[in-house]
Amino acid sequence: MTIHHLHDQHTFQIIGAAMEVHRVLHRGLLESIYCEALAVEFELRSIPFAAQVPCQIVYKERRLTGLHRIDFVCFNDVVVEVKASSLTGPAEQAQVLNYLAISGHRLGLLLNFGRPSLDSFRSRQWPRWK
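Just so you know, we're using our numbering here: the sequence shown kicks off at 166 and counts up by one.
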């Protein structure tokens, strides 16, 4: 099985869990509520995950004091960013790409629960920073 096929299976499982959360809760709630419900759904589906993963930024071999937190890292390699907005666009997609670059993970998902149907954006990225 190739890494791309494995990633496809993982994203399918993650998006399926997110669709169930959206089906039950609909839109209009806070992002934190969707994150909590998604964690429950990941547990119910035996999807391995870590929540609120700290991500340290290094600039020219120096650790910066600012610390980002990634909503979820699933299967030890898929970054999941949750939004609850009526619109997501290039800025939110760039956030996912930056998380991939600074974390070293290869695959990212942006899940937006703020629309009538769940929106998702998937991206692959090779790390730019170390």
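No lab work stands behind these hints, which were simulated from the structure alone. We treat Cβ as the ideally placed atom computed from N, Cα and C, and that holds for glycine. The reader is advised that the hints may include incorrect statements.
Distance ranges between label pairs, derived from CB positions [to be verified]:
(1) R192 <-> Q217: 20 to 30 Å
(2) L232 <-> P281: 26 to 36 Å
(3) L190 <-> K225: 35 to 45 Å
(4) H191 <-> Y224: 15 to 25 Å
(5) I222 <-> Q258: 28 to 38 Å
(6) L190 <-> R228: 36 to 46 Å
(7) V189 <-> E226: 23 to 33 Å
(8) R188 <-> G231: 15 to 25 Å
(9) S288 <-> V205: 18 to 28 Å
(10) V205 <-> R227: 33 to 43 Å
(11) V189 <-> R227: 42 to 52 Å
(12) E201 <-> S282: 40 to 50 Å
(13) L194 <-> Y224: 32 to 42 Å
(14) S197 <-> I222: 21 to 31 Å
To see whether the hints hold, each was checked on the structure:
A hinted range of 20 to 30 Å for the beta carbons of R192 and Q217 is consistent with their spacing of about 23 Å. Range check, L232 to P281: Cβ separation about 34 Å, and the 26 to 36 Å hint holds. Look at L190 against K225: about 43 Å separates their beta carbons, and that is inside 35 to 45 Å. Against the hinted window of 15 to 25 Å, the Cβ-Cβ separation of H191 and Y224 comes to about 41 Å, which falls outside the hint.
At roughly 19 Å, the beta carbons of I222 and Q258 sit outside the given window of 28 to 38 Å. The supplied range of 36 to 46 Å is met by L190 and R228, whose beta-carbon atoms lie about 37 Å from each other. At about 46 Å, the beta-carbon gap between V189 and E226 misses the expected band of 23 to 33 Å. In this structure, R188 and G231 break the distance hint of 15 to 25 Å, their C-beta atoms being roughly 36 Å apart.
Roughly 26 Å separates the CB atoms of S288 and V205, a value that falls within the hinted 18 to 28 Å. Separation of V205 from R227 is about 39 Å and conforms to the stated range, judged on CB atoms against 33 to 43 Å. Checked against the given bound of 42 to 52 Å, the beta carbons of V189 and R227, roughly 45 Å apart, stay inside it. A C-beta distance of roughly 21 Å is found between E201 and S282, which places it outside the suggested range of 40 to 50 Å.
For the pair L194 and Y224, the supplied restraint of 32 to 42 Å holds, since their beta-carbon distance comes to about 36 Å. The supplied range of 21 to 31 Å is met by S197 and I222, whose beta-carbon atoms lie about 23 Å from each other.
In summary, the structure is inconsistent with hints 4, 5, 7, 8 and 12 from the numbered list given earlier, while agreeing with the others.
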